[in-house]
Amino acid sequence: GIQVEQSPPDLILQEGANSTLRCNFSDSVNNLQWFHQNPWGQLINLFYIPSGTKQNGRLSATTVATERYSLLYISSSQTTDSGVYFCAVEQGAQKLVFGQGTRLTINP
Amino acid sequence: DTGVSQDPRHKITKRGQNVTFRCDPISEHNRLYWYRQTLGQGPEFLTYFQNEAQLEKSRLLSDRFSAERPKGSFSTLEIQRTEQGDSAMYLCASSREAEAFFGQGTRLTVV
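In order, the protein sequence lines correspond to chains S and V.
Residue 1 is where the first sequence starts when you use this note's numbering, and the numbers rise one by one after that.
Residue 1 is where the second sequence starts when you use this note's numbering, and the numbers rise one by one after that.
No wet-lab data here; the hints were simulated from the structure.
We treat Cβ as the ideally placed atom computed from N, Cα and C, and that holds for glycine.
Treat the hints with care, as some may be off.
Per the computed footprint, the stretches of chain V lying under chain S, defined by three or more beta-carbons under 8 Å from a beta-carbon of chain S, are [to be verified]:
#1 43 to 55
#2 95 to 103
Straight-line distance between alpha carbons at most 20 Å, and here's what the computed SDA-like set of lysine to any residue pairs gives [to be verified]:
#3 V/LYS57 - S/ILE2
#4 V/LYS11 - V/LEU39
#5 V/LYS14 - V/ALA98
#6 V/LYS71 - V/LEU39
#7 S/LYS54 - V/ASN18
#8 S/LYS54 - S/ASN30
#9 V/LYS57 - S/SER19
#10 V/LYS11 - S/GLN42
#11 V/LYS11 - S/GLY41
#12 V/LYS57 - S/GLN94
#13 S/LYS54 - V/SER5
#14 S/LYS54 - V/ALA98
#15 S/LYS54 - S/SER19
Only part of the chain V face toward chain S is listed, based on derived beta-carbon distances under 8 Å [to be verified]:
#16 ARG31
#17 PHE74
#18 MET89
#19 LEU91
#20 ARG107
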């Protein structure tokens, strides 16, 4: 099956810093989503982005489908951005395959 | 629209007991999914419904697990004869087209 790798596994930054999270996938996909898992375990939708670039406030994402990767950018990080960020892809099998996540810690 | 709702949020059970979880999807979403997440891992797919039909089951879904979606609305996930290895977060998601939305999850602890 398709493999999804996220990097880095852990990232510690000071408030106000910018960060880039990467998601590589091993085959072509027809769906890619980025999620933020909050401390209570809920997955919050950030982006549905099978290709192209999207922006939402301080967050933006770019997926280059032909090169099988996606990037999530967080600018001017805040402590509330802390948590685990997941990339998940779908190959047409109607199920998402998740990466292992990037744990982001923003220190005040 | 209140999003995907799961009940209960937390469940502690003794080994060998049966447990049942409920998921209410976003209204008009015809697709419903169950995932399981263990500590430090990403969620793993368990099963998928389109309307009331269960179209796919993962090999992770042993014979002790059963899921239903009567009338294509809410869904239940039952685990019989729970084992300590069943301790995990059980996540439900729904979608109408491609983008999936998740509930808050049910955290199961088997003691």
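Exercise. Tell me, which hint numbers fail for this structure?
Worked result: Hints 5, 6, 7, 9, 13 and 17 contradicted; others consistent.
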